[in-house]
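Novice: Chain by chain, the residues:
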Amino acid sequence: MLTIENLGKVFPGGTAALAGVSMQMAQGEIVSLLGPSGCGKSTLLRIAAGLIAPSSGRVEWTPPLEKGGIGVVFQDPTLMPWANSRRNVETPLRIAGVGARERHARAMEMLTLVGLENFSEAYPRTLSGGMKMRVSIARALVTRPPVLLLDEPFAALDEITRQQLNDDLLEICGKARLSVLFVTHSAAEAVYLSERILMMRARPGAIVNEIRINAPARRAEGFRHSPQFAAYCGQISTALRAAAA
Amino acid sequence: MKAARILSPILVVLMALGLWEALVRLWQVPAFVLPAPSAIWRALLEDYASLLVSAWMTLRISITAFVLAVAGGVSLAVLFSQSRAVEMALFPLAVILQVTPIVAIAPLIVIWAGIDNPNRALLLMAWIAAFFPVLSNMTLGLRAADHGLLDLYRLYGASRWQVLTQIRLPSALPYLLSAMKISGGLSLIGAVVAEFVAGSGASMGLAWRIMESGNRLQIAKMFAALLLLSLLGIAIFFCLSALESLLLRRWHESRLEQGS
Numbered sequence: 001m002l003t004i005e006n007l008g009k010v011f012p013g014g015t016a017a018l019a020g021v022s023m024q025m026a027q028g029e030i031v032s033l034l035g036p037s038g039c040g041k042s043t044l045l046r047i048a049a050g051l052i053a054p055s056s057g058r059v060e061w062t063p064p065l066e067k068g069g070i071g072v073v074f075q076d077p078t079l080m081p082w083a084n085s086r087r088n089v090e091t092p093l094r095i096a097g098v099g100a101r102e103r104h105a106r107a108m109e110m111l112t113l114v115g116l117e118n119f120s121e122a123y124p125r126t127l128s129g130g131m132k133m134r135v136s137i138a139r140a141l142v143t144r145p146p147v148l149l150l151d152e153p154f155a156a157l158d159e160i161t162r163q164q165l166n167d168d169l170l171e172i173c174g175k176a177r178l179s180v181l182f183v184t185h186s187a188a189e190a191v192y193l194s195e196r197i198l199m200m201r202a203r204p205g206a207i208v209n210e211i212r213i214n215a216p217a218r219r220a221e222g223f224r225h226s227p228q229f230a231a232y233c234g235q236i237s238t239a240l241r242a243a244a245a
Numbered sequence: 001m002k003a004a005r006i007l008s009p010i011l012v013v014l015m016a017l018g019l020w021e022a023l024v025r026l027w028q029v030p031a032f033v034l035p036a037p038s039a040i041w042r043a044l045l046e047d048y049a050s051l052l053v054s055a056w057m058t059l060r061i062s063i064t065a066f067v068l069a070v071a072g073g074v075s076l077a078v079l080f081s082q083s084r085a086v087e088m089a090l091f092p093l094a095v096i097l098q099v100t101p102i103v104a105i106a107p108l109i110v111i112w113a114g115i116d117n118p119n120r121a122l123l124l125m126a127w128i129a130a131f132f133p134v135l136s137n138m139t140l141g142l143r144a145a146d147h148g149l150l151d152l153y154r155l156y157g158a159s160r161w162q163v164l165t166q167i168r169l170p171s172a173l174p175y176l177l178s179a180m181k182i183s184g185g186l187s188l189i190g191a192v193v194a195e196f197v198a199g200s201g202a203s204m205g206l207a208w209r210i211m212e213s214g215n216r217l218q219i220a221k222m223f224a225a226l227l228l229l230s231l232l233g234i235a236i237f238f239c240l241s242a243l244e245s246l247l248l249r250r251w252h253e254s255r256l257e258q259g260s
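As given, the protein sequences belong to chains A and B, one line each in that order.
Following my numbering, the numbering of the first sequence begins with 1 at its first residue and continues without gaps.
Following my numbering, the numbering of the second sequence begins with 1 at its first residue and continues without gaps.
In short, the hints are calculated from the structure, not lab data.
Hints are supplied without guarantee of correctness; some may be wrong.
Distance condition first, Cα-Cα at most 25 Å in a straight line; then the derived DMTMM-like pairs of lysine to aspartate or glutamate [unchecked claim]:
no.: 1; chain 1: B; residue 1: K2; chain 2: B; residue 2: E253
no.: 2; chain 1: A; residue 1: K175; chain 2: A; residue 2: E5
no.: 3; chain 1: A; residue 1: K67; chain 2: B; residue 2: E253
no.: 4; chain 1: A; residue 1: K175; chain 2: A; residue 2: E102
no.: 5; chain 1: A; residue 1: K175; chain 2: A; residue 2: E195
no.: 6; chain 1: A; residue 1: K67; chain 2: B; residue 2: D151
Starting from the given sequences, assemble the full structure and let the hints guide the process.
Specialist: Given below as structure tokens:
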């Protein structure tokens with residue numbers, strides 16, 4: 001689905017953000033990019049999304065991405081404060097020129113999917129952080145993209161909200177058979193969400209390790225408290241420390 | 001609480017007026033130095049016909065200049081947001097226009113624009129006074145659009161027109177409204193200053209009434225004209241504040257306390 005080969009990114013000013021990054025993502029796979037702040041994981045995601053151009057190397061989507069073929073959720077909910085939830089979710093459809101009636105129907109469908117059907121007329125400032133993030137996720141899903149890119153979307157949320165959203169995300173992605181690239185700095189979150197974790201180190205950003213999580217895609221109740229989960233987290237913490245050293 | 005916010009300034013003004021009236025009577029201040037509030041009120045009643053005509057004329061020039069300043073400032077700011085080259089070429093000229101004291105260029109404007117039509121010169125000067133805050137704030141506002149939203153629009157392949165109308169213009173709205181509150185007052189100031197400089201009997205706005213009564217030592221009438229002038233300024237400010245509340249109340253942070 002996504003192939004990245006020997007990718008490098010040097011920012012104007014000479015900072016090397018990424019060097020020699022290669023990775024693949026298969027259809028329907030959930031892959032996490034895990035690393036400390038400043039390791040270039042967000043840059044890698046933005047390059048994959050086509051928002052910034054790489055300095056060297058190759059990024060290839062198969063089949064090639066169409067407009068609206070990719071949903072992105074940023075660190076901030078980035079909602080338009082002057083528009084209510086429903087109109088925020090409609091945004092990608094409005095850009096594509098979809099008619100008002102269909103826009104409305106699909107936005108409501110997505111809001112229902114993220115559990116906000118009763119908040120369609122609410123303005124962002126009246127919503128909690130977690131609800132705003134749900135609106136942002138609904139907006140990313142409204143074009144029914146095969147791919148979802150998430151850039152530390154839950155970093156600013158409290159632990160309970162975060163776990164709830166993790167569960168919801170797994171359910172939504174499983175249902176829609178989405179391919180997901182998930183950027184995070186939380187080892188636990190990466191273990192809980194992904195099938196594969198790519199660990200990164202900084203200066204310049206590079207992938208140093210790959211860990212496969214062998215657990216059912218639909219996480220069993222209590223997976224968060226299982227010895228298996230704890231073992232993975234421990235293994236990743238050790239690897240992260242080794243990478244940073 | 002709300003009643004106190006309206007009543008307390010009124011009470012203070014009434015007490016100040018009472019004190020003024022009492023002191024003028026007590027010390028027998030001559031009317032050509034400082035007339036009592038009662039004398040000002042009488043002057044207002046005697047001359048209200050000519051004063052209201054003058055007030056209307058000043059108001060008309062201010063409003064026309066203000067509308068043109070908003071239209072011009074917004075259009076130019078939008079142009080700037082679309083082309084950095086145009087902005088670099090034109091913005092310094094706008095700054096020069098702004099920093100040159102309006103009184104200093106007024107005689108030139110009167111000669112160039114006002115010989116056959118004095119009102120045109122007044123309009124131009126009021127426009128110059130009101131134009132820059134709109135241009136400057138609107139330029140800033142168009143540029144202050146959320147970068148995440150701009151990225152999002154790029155991701156979905158939005159056109160420049162969509163970015164402008166759906167992201168940049170709404171983002172700039174609070175900036176524009178705040179500039180309008182400044183420019184509304186400035187257009188009135190500009191109109192009055194212009195009239196003072198133009199100084200001919202061909203345009204008889206409130207500034208003309210003030211000069212005329214000053215020359216004739218009719219200080220009470222002068223105060224009456226001044227009173228009307230500040231009422232105009234207050235009215236303009238309140239109208240624009242109301243517009244701001246109306247447009248931003250549902251979403252903007254500055255309106256958070258007015259219920260959600």
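Novice: Is the straight-line distance between the alpha-carbon of K67/A and that of E253/B 25 Å or less?
Specialist: Not satisfied, since the Cα-Cα distance of roughly 33 Å exceeds 25 Å.
Novice: For K175/A and E195/A, compute the direct alpha-carbon distance and say whether it is at most 25 Å.
Specialist: Between K175/A and E195/A the Cα gap is close to 16 Å, so the pair holds against 25 Å.
Novice: For a C-alpha distance cap of 25 Å, please report whether K67/A and D151/B respect it.
Specialist: With a Cα-Cα distance of about 14 Å, the restraint between K67/A and D151/B holds, given a limit of 25 Å.
Novice: Does the structure keep K175/A and E5/A at a Cα separation of 25 Å or less?
Specialist: Not satisfied, since the Cα-Cα distance of roughly 30 Å exceeds 25 Å.
Novice: Does E102/A lie within 25 Å of K175/A when you go C-alpha to C-alpha?
Specialist: 22 Å, holds
Novice: K2/B and E253/B were given as a pair; does the straight-line alpha-carbon distance stay at or below 25 Å?
Specialist: The hint holds at about 21 Å.
Violated hints for the displayed structure, listed by number in ascending order: 2, 3.
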